[in-house]
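Chemist: Build the complex from these two chains, which are given one at a time in their own frames, with help from the hints.
Protein chains in written order, with this note's numbering: chain C, 1 to 243; chain E, 1001 to 1317.
In case anyone wonders, no lab produced these hints; they're calculated from the structure.
For glycine and all other residues, C-beta sits at the position ideal for the given N, C-alpha and C.
Be aware that one or more of the hints could be misleading.
[As the list claims (entries may be wrong)] Partial chain C-side listing against chain E, Cβ under 10 angstroms, derived:
(1) N6
(2) P15
(3) E90
(4) L98
(5) Q102
(6) G146
(7) G187
(8) L188
(9) Q204
(10) I236
One-letter residues, chain by chain:
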Amino acid sequence: MNYNWNWGIFFQPNPMGTGTYLDMLLSGLVLTLETAALAWVIALITGSVVGVMRTLPSKGATWFGFAYVEFFRNMPLLVQLFLWFFVLPEILPKAAGLWLKQLPNAPFWTAAIGIGLFMSARVAVQLQAGIGSLPRGQKMAATALGLTTVQGYRYVLLPMAFRIILPPLTSEFLNTIKNTAVAITIGLLELTGQARSMQEFSFQVFEAFTAATLLYLLVNAVVVTAMRFLERWVAIPGYITGK
Amino acid sequence: MLASGRIILKGDKEVKHFRSIGLALAATFVVSQAGAAELTGTLKNIKDTGAITLGFRDSSIPFSYLDDNQKPVGFAMDICYKIVDAVKKELKLDKLEVKLNPVTSATRIPLMANGTIDLECGSTTNNAERQKQVAFTNTHFLTASRYVFKKSSGLKSIDDLKGKTVVSTAGTTNIKQLTEANVEKKLGANIIPAKDHAEAFLMVETDRAVAFVMDDILLASLVAGSKNPSDYVISKDAFSKPEPYGIMLRKDDAPFKKVVDAATAALYTSGEGQKIYDKWFMSKIPPKGLNLNTPISEGLKHEFAKPSDSPNPDDYK
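Okay, chain E solo, but in the shape it has when bound (with noise of 0.2 angstroms):
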């Protein structure tokens, strides 16, 4: 079925790029010519089979997820093939074929770990425990844990949560910071698990619960594509420090990382990071169009002039 689903997309895509990412190319160089000797891992494949493979998520707006031709698009995706050209540079390939191949929450480790998939391109968080199984390239956004409801609700801060019931998609950051935070304030809230998202979402929608804890700008995507966006309302006040969000690599693979990050970093600072950012979180994306209108934030901002892949949100300020 994997196979089946891959769409792959030919060489000239990319040609478009080219010109645009003079500070990607010069930071390469000297990466290539440094490990022009032997290639190794991820590089070597590459350069063998003449292929990378991108892992894409389905509905992850707008980092990742699929257009109305069910053509894979957002935030990530545009960065990953900036990086798609840098390592296609680095390796001196005159055509470079990009693979892509859907992933979840759940495949996304295997499938990366197995080597189907070279780059995940999504909005998964980069934290310390994960960073144990795979790497991550420089932050490409940050975020905080909020709540979402209902306007009717008339909710003003966490404390006003007491006791009621709140939901939150399982196995997430979010939903520990949750647990934690019930504890610590003595909130005696029923909290409730949901599988994905617009599941918890449809929670609050039909008042099965009265608040969803999610990262912020997953929330704001969520209100955005709903029936009503205007019923809903996203606390100010937060459960968490922003968190960073990475591109994920293959752990131990330091020649890959080195060209990834450098073409990241290359990209942020040149200032086509915040045009990129601005085309996905400022104008009207497909394939509702919708507008996020979410400002870059004075972290992202600090981030985007000097890159950096810590796990550690204190990094960040």
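Isolated chain C, as found in the complex (with noise of 0.2 angstroms):
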């Protein structure tokens, strides 16, 4: 192969004038962060409260659950970040369109809540599975014990429940933070579209997306690794996640 390998571009200044090519990954890799983190809590939060809705008795609720999730995950997270980012725009009346279009950060928070909301779908779905999965005597037993649904869910069905799913929740949250990538289609300078401006600046393409890759493996080895520590330090001895 014809390349000129150069390592040492990484500590060369880059094009833009802050700093280090490195620097310049390294500034992508914490709004990759960043988004990834709000992304997740968003995940977490409304995906908790739409999967809870999917094993309610009620029908409504059922049904908005559904809707909800089929809404979320039959779409590429692609085609959903462009519609939130250039059609929600149009449709608004005039002046909301134009106050959204004017934020400042637009990208990062559109990216933020697009991925979130993507991802609260499959978290939904997981939730509902790991209820499910539970004896249908648990519900019963809170209820003769005279909790109230809520309580029945807070104090018995969750716990447990979560506890169940963790470890297909270590895979999503390492989706959420993978699926930041696909913001640099609004404008969102992560790592992955970083690592684009210095291939393109420095035509060094190799170098700048070996150092993305292993940037993203050794974030990923993080969570995952802390995600262990999680799933230990919550077990309950003598249940099926406990040792």
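Modeler: Here it is as structure tokens:
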């Protein structure tokens, strides 16, 4: 292969005048982490609410949960971000649309909320499965003890269900981090975006993407390890997920 | 996917071009005598396989893009076909298969490095930084960094961008110049990077940004292709000196570069370069019959008279 390898490129100043090329990639990494963190909080909260709704006795709640999940999981993430960023402001009343467009950091907020909602559908399905995997007797026992529905979920069902779905939730968290790469489509210069910029400026494409790959791997390895600890920490001895 | 996406044109297409490039032939005969002994690099590869692969862009109007038959056409493509003719003559081949391979700004370097494409026919800026990785033949276009805005926004000069939201395409030399101007002139503009030109233009179209900073010729083609071309204005003042576009080839392959340079030099100096220029910039082009109406610049006229592969904008005055 006729390629001029230059691993020293990371320590050369980048043309944007913001330090070295490595600084450029690291600023992208920070943005990736911020977007992923906010998206994950949104995904967990909305996903939990919708997941619970899907297991409620109420027909309306179940139907809403079903519609919500199908809406968000059946459309490619790329298309969703595009819709939120370019189409939503156009269908709103003119003043509201203009306000939305001129919001500072619009790509960041759109990406975090868009990815958060997309991932929430997946969290919802898993929580529903987690609750569904509990023996029916638990819910009945909660009712027999005189707990209300809310109390039953809060003190009996959810603590167990969340423990059961912790391993798949780890994967979803990793997916959230990786999905932030899609946000370059709305102009968010996160890690993948910065790697692309770097290769356009320097033409050192392999170095740029090798570095991005390693950074993603590193972040995900940290997350996996942290989640392992969390699983061990919350485990209840004698129960399925305990030792 | 790449293999199935290739369109293979047979040799008969090139025969037509033959008579018209007398100068190119004369130039390449000289080269062929010198290099006849032992072929190396790209030339050897082309001789062995009987095929040359051109990399094209899918939407770099009017340099290299797909027409309504999904066939790559454009100013740079026409130049590349002339180069192919010269290579065929140089290698004394009866038949030279031309393979076409789509490239993007992200894939052009790896595909060039690993030998998938032999020439990149598009609108790639030739600069010193990039020459560390690839080589460029004689410049085929000069373009300066300008901005497009809606007439209704009433912008007059670069200073009017103060505090406004301005978009440019991520990873381009343009966004770099914009960032520099922003600091230098204390504009305090909010700069957003877009993924590609089409999206950056969409940001201006939907009022997410007041201006889009890009190579003026690309702006002209985006405006010409928009819903209401009369709504947009391209600025008079520029962010940069005119920068050269070049057809890209592999680095450190002197014999091949010599053939390509001779072919393009012969083409530009013969006046046929001007003819091809007019075909793409001064008359209707497919697929929609747009006319970019961009007469050749003084700088490019000089370049055509005295072809150069310099990456330095100061060499094109």
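Chemist: Determine for every hint whether it applies to the structure shown.
Modeler: Each hint, compared with the structure:
The criterion of a C-beta within 10 angstroms of any C-beta in chain E is met by N6 of chain C, whose closest approach is roughly 7 angstroms, and the hint holds. Interface restraint check: P15 of chain C against chain E, minimum CB-CB distance 5 angstroms, threshold 10 angstroms, status holds. Interface hint status for E90 of chain C: upheld, as the beta-carbon distance to the closest one in chain E is roughly 7 angstroms, under 10 angstroms. For L98 of chain C, the shortest C-beta to C-beta distance to chain E is roughly 7 angstroms, which falls under 10 angstroms, so the interface hint holds.
At about 7 angstroms, the closest approach between the beta carbon of Q102 of chain C and any beta carbon in chain E falls short of 10 angstroms, and the interface hint on this residue holds. Because the beta carbon of G146 of chain C sits about 56 angstroms from the nearest beta carbon in chain E, more than 10 angstroms, this interface hint is broken. Interface restraint check for G187 of chain C: the shortest CB-CB distance to chain E comes to about 5 angstroms, inside 10 angstroms, so the restraint holds. For L188 of chain C, the interface hint holds, the least distance from its beta-carbon to any beta-carbon of chain E being 9 angstroms, beneath 10 angstroms.
With 10 angstroms as the threshold, the beta carbon of Q204 of chain C comes within range of chain E, its nearest partner Cβ sitting at about 7 angstroms, so the hint holds. Interface restraint check: I236 of chain C against chain E, minimum CB-CB distance 47 angstroms, threshold 10 angstroms, status violated.
In the structure shown, a violation is registered for the earlier hints numbered 6, 10, in ascending order.
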